[in-house]
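Protein chains in written order, with the working numbering: chain G, 7 to 343; chain P, 333 to 812.
Derived from the structure by calculation, the hints contain no laboratory data.
Take a look, some chain G residues computed to stay more than 10 Å from chain P by CB distance: (1) Ile31; (2) Ile41; (3) Lys69; (4) Ile152; (5) Asp309; (6) Gln334; (7) Ser339.
Distance condition first, Cα-Cα at most 20 Å in a straight line; then the derived DMTMM-like pairs of lysine to aspartate or glutamate: (8) Lys193/G / Glu743/P; (9) Lys210/G / Glu200/G; (10) Lys12/G / Glu518/P.
Label pairs and their in silico Cβ distance ranges: (11) Trp729/P / Val58/G: 46 to 54 Å; (12) Lys158/G / Leu708/P: 43 to 51 Å; (13) Pro596/P / Asn163/G: 36 to 44 Å; (14) Leu725/P / Lys210/G: 40 to 48 Å; (15) Val223/G / Lys547/P: 21 to 29 Å; (16) Arg33/G / Leu660/P: 55 to 63 Å; (17) Asn173/G / Thr781/P: 25 to 33 Å; (18) Lys210/G / Ala426/P: 45 to 53 Å; (19) Gln238/G / Lys547/P: 32 to 40 Å; (20) Ala341/P / Arg33/G: 30 to 38 Å; (21) Asn163/G / Lys702/P: 53 to 61 Å; (22) Leu199/G / Val350/P: 54 to 62 Å.
These numbers were taken from a predicted model, which means no experiment stands behind them. Cβ coordinates follow ideal geometry from the N, Cα and C atoms, glycine included.
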Amino acid sequence: MKPFGKTFYLALLLLFVFLFAGEGITRFLVYKGIIPKPTIGSNNPGLNIKLVYLDKIKDQTGKINCIFLGSSMVYNGIDPDAFSQEYYNISGRKVTCFNFGIAYLTGETAGKLAPILINRYQPDLFIFGTSARDYSEELGGNRDLIDDGWIKLKLGNWNLSGFAKENSLFYREYLSLLSYLNPETWKYIQEVLEFTTPNGQYKKIAQIATPIEVWTVINEKQLLEKDFRGYQQVLKQGKRNTQMIIVEIPVNKEYLSTYVNHSIDSYNNLFYFRATAMAEEKGIPFISTVSNNYYIPDDEWADMKHLNVKGAANFSVWLADKIWQLDQAGTISWGAQ
Amino acid sequence: MQIISWQFAVFVIVTLAVYYLLPRKSQNIWLLAASLGFLLTWNVFSVVTLLVSISINYFTGNRIWQNGVKKRGWFWFGVIVNVATLIFFRLETAGYLEKAIRAFLNLADPAGSFELLILLPIGFSYYCLQAISYLVDVAQKQCKPAGDLIDFALYMAYFPRMLSGPIERARTFLPALQTQRVVDNELIARGFTRIVIGLLRKVVIAGILSSYIPKDMFSAPANYSTLVLIFQMLLYAFWVYNDFAGYTSIVRGISDFLGIDLSPNFETPYFAHSFTDFWNRWHISLSHWLRDYIFFPFSRYLLRRKINPRSILYLAVPPLLTMLVSGLWHNFGAYMIFWGLLHGTFQSVEKLAARGKPAAKWEDKPVLRKTGNILLVFTGVVLTWIPFASGSLYRVWDYVKAVFTSTVKPEITTLWLIPLIAIIINFGLDLMHYRHNDELAVRRLPIFTQSALLAVAILAILISFLGSQTALASFVYQGF
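Model the full structure from these sequences, guided by the hints.
Right, here's the structure in full:
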């Protein structure tokens, strides 16, 4: 057998050569536009795509004024363009907004994402659109997002995976290749790309007439404390330069009566009163749709809990008016235009 | 503490650092302390069980030696205690014990009234076999009883092989503990290469394959097309092999750094040209244990009973019995008994078919015949993985039925490329091993090629670690 020392050191040297060559070639190809710049490579393709879009807007406009975070209810139900237009109409202020709705997002994951988005983009306004589903076992998903290395790194927990995702295009290209080779993931990515507007809204025009009985009823036991802790984390992110606002995202009135434990009282007692009290405790405005009697006609719903394009536009206009009222009351301080 | 974890890496580095500083005698004490510490990270119950087992077997071994060959009372006492304890834990983990107690106490309530919380102690089914082999070897004067309790305890508790073997023999392992260990450049080279190959198998190959085996593969086989079901079975065959061979290679590599050679467990099993040959290549330390303590004694017993060595009884029953015991060792479920009997049947049929025919040399056979034999055995082995993996006989039936009756349209996607690449890497590793009859055949290559392959392997391991969304830490054979 040959002496091993030489083999070992040569292997280490070659390892670094491979790593640097891979990184160098990837960066060159991306710089020349031969291959697209890879996304951040978290385990959630929706999140990756939204970050790319958000970065692009920031590069173009120099500033993101407001970010909407939430589940698919926000993803479908907020039209940032309609919001900005209405805000301009009533205040004369131009604001750039982005819809960061992620399908299946829960309170727990929102608690992790909110500080990352605020630190990265420093918006004037951060609007968390929430509903009882964000705190439920049954309707929540994507919970493994909190285990993602990049998310952990951004929250201050250094790890190699997160470091590589943050700094290595070579590694991110490899992750993109894996996504490409996985037909299910790739199909999902294609759908997100096709139906997500550059400002983050999901605009698939579909009317799903699913009977009310089919919609999941959140059971009292399904409401999770960890999601309320996540909500608490979101509330804590209200900082000097970023005003936090909570918005109750509406569900269809017919569904509201069964949504939580088959009664509106349960909805109020288990979710609404608790969420408003927590926001109040932190001095954060809570804009309610139910108590403001915000009416949504049937033709504005995609299904029982998702607004369609028209509904999203009208709701965003209504929301802009509500936020203007807060602006008038001196709650919001927009940065320089 | 899982073997694939940074905690274990730190544990090994600290153990090695102290180990190299100590004189030989103290090295064993340190290794024993480290081994018990390692076990303690799993649970206290496992440590207590191990210590009780060490005490009983050490004491029994000495009594057997003192009493001589004529008096076999202590020998049978030791064997029965070990076997009975293994059966007890197997019955408990299979749930039979709890069922029996419930029936005895006439407990109607299926849950809540009580729950047996006895776990299978970590590594018990492996060191229990080591204890039996020790007692047999001492009784047969093939080795002296361990004079030093520390050495014997280390033979039983040695941490690199604690979780899933290899199952060592006292006659080879104890002398290695009693001599000065020299960890030279060659041993370090071997150890390092073994660890890299092991990680490549476990983290890259098995890691990829496991993520492509759906969880409902056996519970809902009707959801898949025939082609996909067959492909998934192939993936399973390569996954279970690389998972276990990867583990063995890692722990053997670690043991090389300690200057202690652990037995090989795998010799390119999927290149086996007969089912008997397969068992000389797969989980070798277990199959050789079964051969020496079940197959040979039973065959000798039949000969003593004047059974014709060319009779069906002599040729068919010992393999069936041996493989039945092998199945029971894995688990007391009916599906594992079926798995064992299936392997036993294959071996029996093979022996009966070869009866009276002159044994042709494997090397002299034409290439096509050799390839045919290898493929036939591989197909048979893949079939036996169905009961092994399914967890119940009903599921075996559902799976086989789905293979023949599925109406789902087969979908060939790019997704299949990744596991195929993993299988090709496995094939490359095995082919080198097979051709050179050397698991470290990579070390025969020119230095630059060797270094380049090593660098690529480390890169692949690193990337797999980083990108893995699946739990890589545990090994399939830890469950036994």
